[in-house]
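Undergrad: Listed in order, the protein sequences are those of chains Y and W. So in numbering that gives the first Met the number 0, spot 32 of the first sequence is number 31, and the numbers just go up one at a time. So in numbering that gives the first Met the number 0, spot 4 of the second sequence is number 3, and the numbers just go up one at a time.
Note that these hints are calculated values from the structure, not bench results. Here the structure is a predicted model, which means the values were calculated and not measured. Note that CB positions come from ideal geometry on N, CA and C, so glycine has one too. Hints are all accurate, no fakes.
Once the Cα atoms are required to be at most 27 Å apart in a straight line, the calculated DSS-like pairs of lysine-lysine come out as:
| hint | chain 1 | residue 1 | chain 2 | residue 2 |
| --- | --- | --- | --- | --- |
| 1 | Y | Lys-54 | W | Lys-96 |
| 2 | W | Lys-74 | Y | Lys-54 |
| 3 | W | Lys-96 | W | Lys-74 |
| 4 | W | Lys-74 | Y | Lys-26 |
| 5 | Y | Lys-26 | Y | Lys-54 |
| 6 | W | Lys-96 | Y | Lys-26 |
The calculated label-pair distances, taken between Cβ atoms and stated as ranges, are:
| hint | chain 1 | residue 1 | chain 2 | residue 2 | range |
| --- | --- | --- | --- | --- | --- |
| 7 | Y | Pro-22 | W | Ser-161 | 35 to 45 Å |
| 8 | W | Glu-6 | Y | Ala-43 | 50 to 60 Å |
| 9 | W | Pro-210 | Y | Asn-121 | 46 to 56 Å |
| 10 | W | Gly-163 | Y | Ile-84 | 53 to 63 Å |
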Amino acid sequence: MTVSDPVVKAVFDPSAGLALQVPVTWKDRPGTVRSEMAVSNVRALPLLVGMQVTKAKPWKPTVYLMLENEQLRRLDINGSHTNRIPPQERWLQRTHKHVWSEAHHDAVAYTPSDIPDVALGNVTGEQLREIFETFLAECHIETRGA
Amino acid sequence: MMALCDELITAALARIGEDWTCAPLDSGWLLVTTSHQYSDGDHVELLVRLDHDNVEVSDGGDALARLDLAGVNVKHGRARDMWRRLLRAHELEVHNKQISVQGAVDDLGWLAENTANAVANLDGIRLLVAPPRSPMFADRLVTLFKAEFEYVQESPQVRGRSGGVYRATASVGDPSSPTLVQAVTGESLPARRRALEHAFTMFSDIDGQLPTERKLAVLNEGDWRAEQINLLSNVAYVGAWSHRGEFLGFLNS
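Isolated chain W, as found in the complex (with noise of 0.2 Å):
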């Protein structure tokens, strides 16, 4: 039997040493390459520097990068414990938004194995977070707006006549004479009543500031009620959806 243990060790760190690579960079640092993976098959990549008995090893800024690439940030809530509770595990530190760990030539090959264990294992916080929600309807009216037009100010405050101040959905088009737009939706009836209400408000509170021309309701599929839609219209041209042609071409008029 330990005959087939040493067997496995063998080839195993045969395995792992295939994958060990290093090169020098014209800037003195090392780029190596380790046998630790992250889950998409990439390969941990160290830079790692010497200076007489001294030795730095660093990520290069690749954990976070990767983390913020997937929409992770770890400032906050249960990605943030996470961070820092493997930092701690592996004793490794955060400089300039990289993970790096300075230490004695002698124990590089550990500084070198443990930072790049860190690393892969850091990069599994994606998989542990909750993953983000649908977008609201309003992101994905912002998002279709971001693709179409250069100018789009998001969440754009607004003061009307009687002194009350708004917050519409975006603003978007020419930024000397921008449209005003405000998503208009509801899971319910009740819901969608009161969101057609609260753009009504606002566009009559600014009527006056902002031409018609320049005031534009979203309504996202659903049923809307012919006359509430009528009245909006006195107000604000009044797009949907589901008919996404021809608001886009009211902006571009």
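The shape of chain Y in the complex, shown without the other chains (with noise of 0.2 Å):
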């Protein structure tokens, strides 16, 4: 299967029953803590939901939702990104989402809303899960039993 814009809107749209039904399990890894769950969905798509933090800068970090190695969106908390797409908007360590299409891929961004602010320094675990749950929200994953 190739990721398209009509398999991306098949996703989103909600007769696509997306649902966390597993727990949110992390992995620590060297550099990284990772956490990494299929999706439910009717279409039974292999849809992954994650976060990563990166060690050295646990104030960035990254939630995304994949489909065969294409994030579909992802958000990258306080990070600095600049859309290559007029108006050219410009983040500077700053949250912003990206949003997967054909003619951009994951190039493009905007500033989602609701995201609780992480200072740059430690992040605490409730800020995490704050994020984490703000996400699933967004792309209309609803949880059950996670």
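Join these two chains into a complex; the hints should help.
TA: See below:
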């Protein structure tokens, strides 16, 4: 299966029934800590939702929804980014969210609402949980038993 | 013409200068945002620490973390070769999963610029390595189970009454009494027949050790001969990918 605009549209259609049904578990990896879970959906697409925290930059976690290695949505807390499309909006150590499309892949971002602020320092587990849950809600991923 | 050159260089440097920012962190490091960008438009950010006349510049682990997230493993194959070659070209090293370099304060500008340039180049490895192949049917089945069940063991080993050892696709459900699952698929009719016969042999051989309600064969989409399915259903519950809800219901029952 090739990821395309129609496939992405189908993923975010309310009929897709996206749900996180398994507990959130973390893996301590060299350099990072990562949580990644499969997302239940009616089309049985191999969707993964995850969160990665780089140990040297804990204030800059990334949350993503991925399909076959393409990040359909990626939330970068406190990241720096410039859109290459007009008006070339720029984020400087500021939270932004990448949106995948056939035309631009993951190079276009916007400012999501409701994502809690994180200071440039250590991040608490409670903050990570709040960020992750907000991301799930924005992606219309229901939590059942997670 | 020289005036035009000067104008161009001045404009380019001014534009680059707008993107470079620096903020001190409580930890004593400086967080430096650079003008270098990855293919997704994110800017390369560095951590810089000054210690008397020496300076340390690090990517904070971003390069490896980003490649890892993109499914690129720099320990094997072409990705490893490119990774090593680029690190050598930029005269950088990896310590604790972070690309870093140390040098004299006088060289700070060059060290930061070179490291940022290297990190952006290294990230491009993701575009050069072969795209991941489409997941096999067994992988799709395992991902489906991982979305639905907390306990999923991939490729469990089981021993039959004959002494033969088999690798099933997965073990799913209650960890104390999981259901053994075998994905059954094939590109051609003979391949499908062989896959079905393998599932029949495995489930028959472990018959008695596991009741039928804890054995599940899942057929991929395609043409399957009814008599073979009937035979398999004597030793396992037979489900079909096209009717996923039914075998998920079986596993939940």
